[in-house]
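Quick note, the sequences are listed as chains D and G, same order. Quick note, in our numbering, the first sequence goes up one by one and the last residue is 299. Quick note, in our numbering, the second sequence goes up one by one and the last residue is 299.
Quick caveat, the hints were computed from the structure, so don't treat them as lab data. All of these numbers come straight from a predicted model, not from anything done at the bench. No residue lacks a Cβ here, since even glycine has one placed at the ideal position from N, Cα and C. Please note that a few of the clues may not be correct.
No more than 25 angstroms apart at the CA atoms, straight line, and that leaves these computed lysine-lysine pairs for BS3-like [as the list claims (entries may be wrong)]:
1. D:184 <-> G:241
2. G:244 <-> G:267
3. G:273 <-> D:244
4. G:267 <-> D:252
Covered by chain D, per the in silico footprint, the following chain G stretches (three or more residues, Cβ under 8 angstroms) [as the list claims (entries may be wrong)]:
5. 181-191
6. 217-229
7. 240-248
There are 2 protein chains.
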Amino acid sequence: MSSQASYDKIKVGDSIPPLAKGPLTKEWIRKYADASGDHNPIHIDDKYATAFGLPGVIAHGMLNMGFVAQHVASWAGLEGSLKRIKVRFGAIVKPGDTVTCKGKVKDKKIEGGRKTVFCELWAENQKGEQVITGEADVVFA
Amino acid sequence: MSSQASYDKIKVGDSIPPLAKGPLTKEWIRKYADASGDHNPIHIDDKYATAFGLPGVIAHGMLNMGFVAQHVASWAGLEGSLKRIKVRFGAIVKPGDTVTCKGKVKDKKIEGGRKTVFCELWAENQKGEQVITGEADVVFA
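All chains should be modelled from the sequences, with the hints used to inform the complete structure.
In structure tokens form, the structure reads like this:
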């Protein structure tokens, strides 16, 4: 539990410990397609994806966004709860890529009677390209 | 392809055809845990979830958010691409619940040289309770 956050100890500017996911595989992307019910062929069929102008199948944006949410939520731990998240999608993520989620604390304050921490989040691939940028609000008990 | 959007035909106020997902099952939630790598026991272990004050295991917020993203992305179709999404989490989602994603077009304009459509999104359970509210920007080719 030592990596989990506690409202009183969090300081503005704190880094959120990184979370690396990958390398992604076609099988992993297919599992996500099954679990999410999103079987868009750009995630499953290399030939289709290539005809579409992509280098081959790509990961669902939401899979990457899920990593980002999991990153901040696991840091928030049992005391914190993810209330809002917003993201902007950047570079595509392909099989073989590793996505590393990073973040830092932008602000903390009592908002509407709730201890709220505002985080800046981003995820990058192994080349350092940003695949997602975003923000999240975490409310602490 | 008739349910897919085309920038020129989209009108402000248009409804996005609903997408219903469910009923959710424990197996579905476990599949999502495996695919996402998020094995927080509140999603897997009824006993743990109950001790945590929940009625039993609950779906990952990101699974529901994935439904919302899939809803708007499949409406956007081949011509549109989801660029940004933000959500706020509301009611929890449990096995047996069905999540229906809905939305409407708030605005459309050329932004930074790109045909952009601004959508309001929400997802509700079978009781009409909102499980997610949010917004998304879709860019059209």
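Going through the hints against the structure:
Restraint check for residue 184 of chain D and residue 241 of chain G: the C-alpha separation of about 23 angstroms stays at or below 25 angstroms, so the hint holds. A distance of roughly 19 angstroms separates the Cα atoms of residue 244 of chain G and residue 267 of chain G; the hinted pair therefore holds under the 25 angstroms criterion. With a C-alpha separation of about 21 angstroms, the suggested pairing of residue 273 of chain G with residue 244 of chain D holds against the 25 angstroms cut-off. Taking the CA atoms of residue 267 of chain G and residue 252 of chain D, the gap is near 31 angstroms; set against the 25 angstroms cutoff, the hint is violated.
Counting residues of the stretch 181-191 of chain G whose CB lies closer than 8 angstroms to any CB of chain D gives 3, so the stated coverage by that chain holds, three being the minimum. Counting residues of the stretch 217-229 of chain G whose CB falls under 8 angstroms from any CB of chain D gives 9; the rule of at least 3 is met. Residues of the stretch 240-248 of chain G with a Cβ under 8 angstroms from some Cβ of chain D number 8, which satisfies the need for three, so the listed coverage holds.
This entry does not satisfy hint 4, going by the numbered hints stated previously; all others are met.
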